[in-house]
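Undergrad: Residue strings, one per chain:
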Amino acid sequence: MTTLHTRLVRYVITCLALVAMQAHAGVLPEDRADALYFRYDGGGVVINGPSVLLRKSIGEHVSVSANHYVDMVSSASIDVETSASPYEDERTQSSLSVDFLNGKSMYTLGYVNSDESDYQAKTMFAAISHDMFGDLTTIGFGYKKGENEVFKNLKDASGVIANDPNFAETMDSQSFNVSLSQIITKNLILAGQYEVITDEGFLRSPYRSIRYFTDPLNQALAPEQYPNTRSSNAVSVRAKYFLPYRAAIDTMYRFYTDTWGVLGHTAELGYVHPTNNEKWIFEARVRYYTQEAADFYQDIFPRADYANFMARDKELATYSAITAGLGATYEFKIQRFPWLTKGQLNLRYDFMTVEYDDFRDATYSLGSFGVPPPVAFAPGTEPLYKLEANIIQFFISAYF
Amino acid sequence: MRIRGLFVLGAFAVMSAGCSSIEPWVKPYDRENLADPIMAFSRAPISQDFLDHVFESREGSRGASGGGGGGCGCN
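Chain order of the listed sequences is A and B. Counting from 1, one number per residue, gives the positions in the first sequence under my numbering. Counting from 1001, one number per residue, gives the positions in the second sequence under my numbering.
Just so you know, these hints were derived from the structure itself, not from any lab. Idealized CB from N, CA, C, for every residue including glycine. A hint or two may mislead.
So the derived label-pair ranges between C-beta atoms look like this [as the list claims (entries may be wrong)]:
#: 1; chain 1: B; residue 1: Glu-1032; chain 2: A; residue 2: Tyr-111; range: 33 to 43 Å
#: 2; chain 1: B; residue 1: Glu-1032; chain 2: A; residue 2: Asp-31; range: 21 to 31 Å
#: 3; chain 1: A; residue 1: Phe-176; chain 2: B; residue 2: Glu-1032; range: 30 to 40 Å
#: 4; chain 1: B; residue 1: Glu-1032; chain 2: A; residue 2: Tyr-271; range: 19 to 29 Å
#: 5; chain 1: B; residue 1: Glu-1032; chain 2: A; residue 2: Leu-347; range: 23 to 33 Å
#: 6; chain 1: A; residue 1: Glu-355; chain 2: B; residue 2: Glu-1032; range: 35 to 45 Å
#: 7; chain 1: A; residue 1: His-265; chain 2: B; residue 2: Glu-1032; range: 33 to 43 Å
#: 8; chain 1: B; residue 1: Glu-1032; chain 2: A; residue 2: Tyr-37; range: 31 to 41 Å
#: 9; chain 1: A; residue 1: Arg-39; chain 2: B; residue 2: Glu-1032; range: 33 to 43 Å
#: 10; chain 1: A; residue 1: Ser-83; chain 2: B; residue 2: Glu-1032; range: 57 to 67 Å
#: 11; chain 1: B; residue 1: Glu-1032; chain 2: A; residue 2: Asn-390; range: 37 to 47 Å
#: 12; chain 1: A; residue 1: His-273; chain 2: B; residue 2: Glu-1032; range: 15 to 25 Å
Straight-line alpha carbon distances no greater than 27 Å define the calculated DSSO-like cross-link-like pairs of lysine-lysine that follow [stated by the list, open to error]:
#: 13; chain 1: A; residue 1: Lys-56; chain 2: A; residue 2: Lys-279
#: 14; chain 1: A; residue 1: Lys-186; chain 2: B; residue 2: Lys-1027
#: 15; chain 1: A; residue 1: Lys-104; chain 2: B; residue 2: Lys-1027
Derived coverage of chain A by chain B (criterion: at least 3 residues anywhere in the stretch with Cβ under 8 Å from a Cβ of chain B; other residues may be distant) [as the list claims (entries may be wrong)]:
#: 16; segment: 36-45
#: 17; segment: 189-197
#: 18; segment: 234-240
#: 19; segment: 243-253
#: 20; segment: 268-282
#: 21; segment: 289-303
#: 22; segment: 350-358
Could you build the full structure based on these sequences and the hints that come with them?
TA: Shown next, in the form of structure tokens:
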């Protein structure tokens, strides 16, 4: 549940960044409808659900976009395994945004609502982008503000889950971003983005625990302790190049740092290849990610009161990840529906592997869901944790 | 500080003067390749949003992951 919450809010913010940035100034986005089914399966977590996106222009100056998205989560993750019981939850997200085109400027306003049994998020955003220098350059600026309410679910003796009446926290988030997109040659485009995000309020999970030594061979669990502010800076550069035989190659690099001491590098390489008959488009992509741990992260702490701030969130650990994916798109037209400019069937598969440098698989010492391990390892000597995930997407797109 | 201020002011002056005389070096009729749908940084926003969701959930980094447009805006 809240293990994912803060990141779900980040996801909302990321979506907003995409919405804002994909609106190329000077031209309204295409009218289209998309219906997606996705499934993520890895690390004991299965998330699946639908997402529906509709974008329609109204006249020559306004385009409206609406998205409805459902996450159905079934979790027995490593965090849950060592200190709780498996759970199922559902998150529903709805968003609406409006683009106003005025000459070479695009103004975007939007609102997103995310609803989960123990987390409510409301986010408002605004963005402006402008084409200049003969439409070779697009500059953009965006602002987002999120207001979130955090609750904690409890399961009673009969198995009924309800909010803890004694727990209610808030978390506010703001984001500023600037972007620049530049045509370099008739085959090359570059884009850069800089984003600052600040969070204030309850930033940890109410469920996750740290572990600490009670003596050299024994351990105990305690709630995490986080700072109540976090500010991050991220800068990215990406490029896309049109190859001589109608295919495209693209690359991206992002540098990230924040006040918690996390330092991240992301690199991505992609290739898009349409067939000669223009019926199929194939895509391959690989992403590499590495990060250094937060200052207050440790897999196991020397004692209970070791520091003011203590975290054991594996996403704050030191690790690296590789994600490789393949996609195929089949394009079609239906003669009976002349209003349908183009239809697409899309299938995409990604495989993700994450190797942690300082996050150990504590089930080897703590057991799994209350069942002791067959051979108990001493705390701090367990094997390092590794995560593998299969990610599948199937979606239909219609352009009209 | 004063020298740095003058330098920044000078740079802005040069840029401002230059803006009025910059000619697009890639003409609109030369942007066919850039306008091809395969040149969009994100061809399917609904799919990209979901993948970003996955990455945001598994990575400590956040932000600056927008597609930044793509194509040339000349279709």
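Undergrad: Indicate whether the distance between the beta carbons of Glu-1032 (chain B) and Leu-347 (chain A) respects the range 23 to 33 Å.
TA: holds (29 Å)
Undergrad: Quick check on a hinted range of 37 to 47 Å for Glu-1032 (chain B) and Asn-390 (chain A), using CB atoms only.
TA: holds (38 Å)
Undergrad: Given a hinted range of 15 to 25 Å, is it respected by the beta-carbon distance of His-273 (chain A) and Glu-1032 (chain B)?
TA: holds (18 Å)
Undergrad: Check, residue by residue, whether the segment 234-240 of chain A contains three or more positions whose beta-carbon lies closer than 8 Å to a beta-carbon of chain B, and give the verdict.
TA: holds (count 5)
Undergrad: Kindly confirm whether 33 to 43 Å is satisfied by the beta carbon distance between Glu-1032 (chain B) and Tyr-111 (chain A).
TA: holds (37 Å)
Undergrad: Could you say whether the range 19 to 29 Å given as a hint is met by the Cβ separation of Glu-1032 (chain B) and Tyr-271 (chain A)?
TA: Taking Cβ atoms as reference, Glu-1032 (chain B) and Tyr-271 (chain A) lie about 20 Å apart, which means the hint holds.
Undergrad: Given the range 21 to 31 Å, decide if the beta-carbon distance of Glu-1032 (chain B) to Asp-31 (chain A) lies inside it.
TA: Because 22 Å falls inside the window, the suggested range holds.
Undergrad: According to a criterion of three or more residues whose C-beta lies within less than 8 Å of a C-beta of chain B, is the segment 350-358 of chain A covered?
TA: holds (count 3)
Undergrad: Does the Cβ pair Glu-355 (chain A), Glu-1032 (chain B) satisfy 35 to 45 Å?
TA: Given about 44 Å between the Cβ atoms, the range holds.
Undergrad: Hint check: Lys-186 (chain A) vs Lys-1027 (chain B), CA-CA at most 27 Å. Holds or violated?
TA: holds (8 Å)
Undergrad: Lys-56 (chain A) and Lys-279 (chain A): Cα distance at most 27 Å?
TA: holds (25 Å)
Undergrad: The segment 36-45 of chain A covered by chain B? Criterion: 3 or more residues, Cβ-Cβ distance below 8 Å.
TA: holds (count 3)
No hint from the list above goes unmet by this structure.
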